[in-house]
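Undergrad: Just so you know, the protein sequences line up as chains A and B, in that order. No gaps in the numbering here: position 92 of the first sequence is 91 in numbering that gives the first Met the number 0, and each next residue is one more. No gaps in the numbering here: position 41 of the second sequence is 40 in numbering that gives the first Met the number 0, and each next residue is one more.
Treat the hints with care, as some may be off.
Claimed, not checked - FRET-style restraints, in silico, Cβ to Cβ:
hint, chain 1, residue 1, chain 2, residue 2, range
1, B, Gly261, A, Arg92, 49 to 55 Å
2, B, Ile156, A, Arg16, 26 to 32 Å
3, B, Gly261, A, Val111, 34 to 40 Å
Bear in mind the hints are in silico, worked out from the structure with no lab data behind them. Virtual Cβ for every residue (Gly too), placed ideally from N, Cα, C.
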Amino acid sequence: MTTPRSATFGTERRIGRLLIALAYVSVALLVGGVALMLVGGISPLDGGPPLDLDVLVPNLATLDPAGLLWLGLLTVIVTPFSQVALAGYAYARERDWSMVRIAIGIFAIIAVGIGVAVTGTV
Amino acid sequence: MIAGLLLLGGGAAAGVFGSLLGLGGGVLIVPLLTLGFGLPLREAVGVSLVCVIMTSSAAAGVYLERHVANLRLGMTLEFFTALGALIGGSIAFLLDQRLITLLFTGLLVYVAVTMARVGRVPATAAAELDVAPVTDEPGAGTVLDRLSGEGYRVRNIGLGVAGATGAGVASALLGIGGGIVKVPLMHVGMGVPLRVATATSNLMIGITAAASTVIYIAHGGIDPYVAGPTAIGVFMGASAGSRLSHLVDLRLLRLLFVAVLGFTALQMLLRVVG
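Using the sequences and the accompanying hints, generate a full structural model.
TA: Structure (structure tokens):
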């Protein structure tokens, strides 16, 4: 199977732009969170709250610094995963099934990692 | 307020150093947070991983747009690195902090020695080492053909798989991007040109670190108040570093970096002994 070079270049360009865009979005969210920390007189060494998805939206609505910071950090973490997802989708369109399997495999390993961490089986 | 500015400034310095010297910056952020701010090592590692993702995503984006990185090779090796990161992230919370500190000290010494030795080899000569030209169209033929790029042929895939898995374990345990392992692995071990190896490593680093970070978050190992200012600083520093690279005497910078790493390694060792 031969992959046209122009198709590969197009995929790489799209993934590149996605990564750069998400990096800037995450920085903007983090800057907002740090600005709210300064306004609220919160020191970075005060000890921030752990991630709680149940209070994330209420925290954002009330402009709690932790809300914006966690949203920014989650955007940072999601960025590389979206790179794999977009690459997997692009390879599926190119019918390059071995690369699709690799993309799915990466997600499977990450899912196992999350499962292990959340259930505390280690 | 002052602590926030110090974190921002420290992160920026790590970002500048990291981008000028081709490192993720994790080797500087962890000592900064533990020795400078008294954070427990695991929290420092968690914050460092966030910073590593931040810088690698931005850099990988640029490399992909310019078609320097090898996406197929990066994703293939990343499968095994993610596996290593899963193992490392899982055992990180079972190991004694002093053992992890000792491992990190060893890493600092290794990086310092590597950087000192790199200074004696002309970069252009190193970049051309072990590169075998190919005439086949990438994307056709054997696995190695399909992973190869324009003007070079990938070899030693077994070594690549083993090295990538080890890099994943080190990344999750020590909060580093793992570029210091992956770049020599791809360049010297697999015949990938240095520029492509560096770009592809950046592509992989973010995925590895993200996989480990999820585990750290689940264990409450990341403090958003520390991670926010540090990550912003690293991003600013890395952006500035990439623009400053042509103005800086890299030999002098490398010497300074080696000295800083040596001093930091000594401090961390004293902490373990003390």
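Undergrad: With reference to the structure, classify each hint as holding or not holding.
TA: How the hints compare with the structure:
no., hint, in the structure
1, B/Gly261 with A/Arg92: 49 to 55 Å, "holds, 50 Å"
2, B/Ile156 with A/Arg16: 26 to 32 Å, "holds, 30 Å"
3, B/Gly261 with A/Val111: 34 to 40 Å, "holds, 39 Å"
Checked against the numbered hints above, the structure breaks none of them.
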